[in-house]
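K.L.:
One-letter residues, chain by chain:
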Amino acid sequence: MEHKGHGTTEKSHINVIPIGNVDALAVSVVAANLQSLMGLNAARLPKHPDPEYAYLPLRSQYAAGAIIKTLESLDKGARFNLGIVQCDLCTPILKFVFGESQLGGKAAVISLFRLQDKDSSRVYLRAAKISLHETGHLLGIAHCHSRDCLMAFVSNVEKLDTLPSRFCSACKYEISRSVKHLFG
Amino acid sequence: MKFATRIMIVDDEEMICEALQAWFLRDGYQVATALSGPEALRVIEKSPADIYLVDIKMPGMDGIEFLSRLKQLQPNAVVAMMTAHGTVQTAVEAMKRGAMDYFCKPFDPDELSLFMERLLANKALREENSALKELLTERYDGFSEAFIAHSDPMRAIFAKIEEVAVSSAPVLITGETGVGKDMVAKAIHFRSDRSCGPFLAVNCGALSESLLESELFGHEKGAFTGAVKARRGRLEMADNGTLFLDEVGEISTKMQVSLLRALEEKNFLRLGGSQPISSDFRLISATHRDLPSLIKENLFREDFYYRINVITIDVPPLRERLEDIPVLADHFLKRICQETGKSLEGFTQKALSLLTEYGWQGNIRELRNVVERAVVIAKGRMIGAEELTFLNPRPDAGPIGAKTLRELEIDQIKAALDLCNGNIVRASRRLGIDRSTLMRKMKRYQLDR
Chain G
1 MEHKGHGTTE KSHINVIPIG NVDALAVSVV AANLQSLMGL NAARLPKHPD
51 PEYAYLPLRS QYAAGAIIKT LESLDKGARF NLGIVQCDLC TPILKFVFGE
101 SQLGGKAAVI SLFRLQDKDS SRVYLRAAKI SLHETGHLLG IAHCHSRDCL
151 MAFVSNVEKL DTLPSRFCSA CKYEISRSVK HLFG
Chain E
185 MKFATRIMIV DDEEMICEAL QAWFLRDGYQ VATALSGPEA LRVIEKSPAD
235 IYLVDIKMPG MDGIEFLSRL KQLQPNAVVA MMTAHGTVQT AVEAMKRGAM
285 DYFCKPFDPD ELSLFMERLL ANKALREENS ALKELLTERY DGFSEAFIAH
335 SDPMRAIFAK IEEVAVSSAP VLITGETGVG KDMVAKAIHF RSDRSCGPFL
385 AVNCGALSES LLESELFGHE KGAFTGAVKA RRGRLEMADN GTLFLDEVGE
435 ISTKMQVSLL RALEEKNFLR LGGSQPISSD FRLISATHRD LPSLIKENLF
485 REDFYYRINV ITIDVPPLRE RLEDIPVLAD HFLKRICQET GKSLEGFTQK
535 ALSLLTEYGW QGNIRELRNV VERAVVIAKG RMIGAEELTF LNPRPDAGPI
585 GAKTLRELEI DQIKAALDLC NGNIVRASRR LGIDRSTLMR KMKRYQLDR
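Chains G and E supply the protein sequences, listed in that same order.
To convert, note that position 46 of the first sequence is 46 in this note's numbering; the numbers rise steadily by one, no gaps.
Residues are numbered in this note's numbering as their position in the second sequence, beginning at 1, plus a constant of 184.
Calculated directly from the structure, the hints in this document are not laboratory data.
Check before you lean on any hint, since a few could be wrong.
What the hints assert, rightly or not - Once the Cα atoms are required to be at most 25 Å apart in a straight line, the calculated DSS-like pairs of lysine-lysine come out as:
#1 G:Lys172 x E:Lys563
#2 E:Lys526 x G:Lys172
#3 G:Lys172 x E:Lys627
#4 E:Lys230 x E:Lys526
What the hints assert, rightly or not - Okay, the calculated bits of chain E under chain G, using three or more residues with CB under 8 Å as the criterion:
#5 209-218
#6 377-383
#7 422-435
Ideal Cβ positions, reconstructed from N, Cα and C, are used throughout, including at glycine.
Whole structure, please, built from the sequences with the hints as guidance.
P.N.:
Here is the structure:
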């Protein structure tokens, strides 16, 4: 059963899809933030199976690219698909990633694996930031040079925690221009 | 500016190429990939990159050999080698052949980020070094705009400039207003053996006949009212250098006679003077007018025409080299962002389409004006279609090529006179030309007041 962000009958812009066993509250927090900070109607979809097809035995990690390819092929009515996994993600060139997306594409995935903390609210906040960042890429926005913007590139959780939960005015303008262009 | 930085990834593993491409695209770079050294070299011939990331272990031509070949084509290329199997030996070999850095995949995200910062800093240093060298040799940096071009017509122009620069023959540069005729003139001067000498430019269309005469030939003290001291003219000041007569088509036939004599005899008198003055200069002229037509109308002397037109360079209008618009627009964007302190990354695809579809009657000058305006009103990180809504075709433009330049000039004069209720002084100010120039044009085109 699909859950719309606000229980409206408006068409969804982005599906938030837990893949494997993922904290349901994290999924809700991500959907709510996509709605409030980006103005995207986010639908929470039912859990998808574990992404065993993406497992890389040599690295003991999961290939983000393979998961994105699967998400890209899903047609669940929304323009974008954002997957959330609990497992550790990597790419061919990076030892690990918090998230991965297609610039201007359809699909993105984030991982909660390296966002863990004793304080669960910190985990949810980190998940929200990464989701907003990766969704920004889906809207065609590249990394921002401003350190006070969610589109800034961060390589570790310490830097992630210092990022504010907002976009700079220029990125905000670009996001709203992109959303308007895509959804009217 | 990342948007304008081109990265090429050379790796036989498609997955690596795709992953790196996706990463760098998200970081705002332009990215090309190649699955082998030979493929990369073919791409580089047409479209070289600024930074290369090259895998060492590739079948056929390995990364070290590719590096050597690349350095022959592009000595200043910034190259980093990558491998999954690093050894000290290969690292040393790569550095000896000119690689800037060496790293092992996969990277820690922090490492990749720092790594790119180092490469970019290196690239910036090389570019700064190059620019400083240009400054030291007193080359005019502003003429770089004429040379930001990938199109075939402009490559032909560059080749011609190299050819004509070595001779002293007079050159006539033709082309519409705003195509960069003055930049071409400067380029010829700075590539000639007169580059250490002066480059004197005179806009013949902006001055009245008497002022132009004084400007070119100079005057002695008391030659006319207001001549309180002697003054050297441009012909004299251009000795051992280049004299550039811009808008040479605006010179009166009387002035053409005086100039012709000076060009043929290589000496002349200042106004009010009696002592002949010699000057050895190279003459470059430019005009947007159709001089052969003016000759037929007896408005331009044929002997003067042949004197100034030993070599002709015709600079194409911007609409005939649409492929240059993105690079020119990006160049102006960088410049204007530097001047204004604004930080914009580039143009959206839609914006680039709009720029490419526009008619550009004002050519490069108009393009710069448009980019500057868009930068001022931009609120985001890119210039999009929203920032170019003012880019509407002019109501009187008509289809491109429907009117001749002469007809366009007549239209503009008529429009200015209508707007100013026939007042010639106001109309001349509106058109940005001297009152006597306007009167001369009105007489030429038989336009009633």
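K.L.:
Take the hints in turn and mark each one as holding or not.
P.N.:
Right, here's what the structure says about each hint:
At most 25 Å may separate the alpha-carbon atoms for a hinted pair to count; Lys172 (chain G) and Lys563 (chain E) meet this at roughly 10 Å. Proximity of Lys526 (chain E) to Lys172 (chain G) is assessed by CA-CA distance (about 16 Å); at most 25 Å being required, the pair is judged to hold. Note on Lys172 (chain G) and Lys627 (chain E): the hinted pairing is violated, with a Cα-Cα distance of about 58 Å set against a maximum of 25 Å. Restraint check for Lys230 (chain E) and Lys526 (chain E): the C-alpha separation of about 32 Å exceeds 25 Å, so the hint is violated.
For the region 209-218 of chain E, the stated coverage by chain G holds: 4 residues have a C-beta nearer than 8 Å to a C-beta of that chain, and at least 3 were required. Counting residues of the region 377-383 of chain E whose CB falls under 8 Å from any CB of chain G gives 0; the rule of at least 3 is not met. Only residues whose C-beta sits within less than 8 Å of a C-beta in chain G count toward coverage, and the region 422-435 of chain E has 0 of them, not enough to reach three; the restraint is violated.
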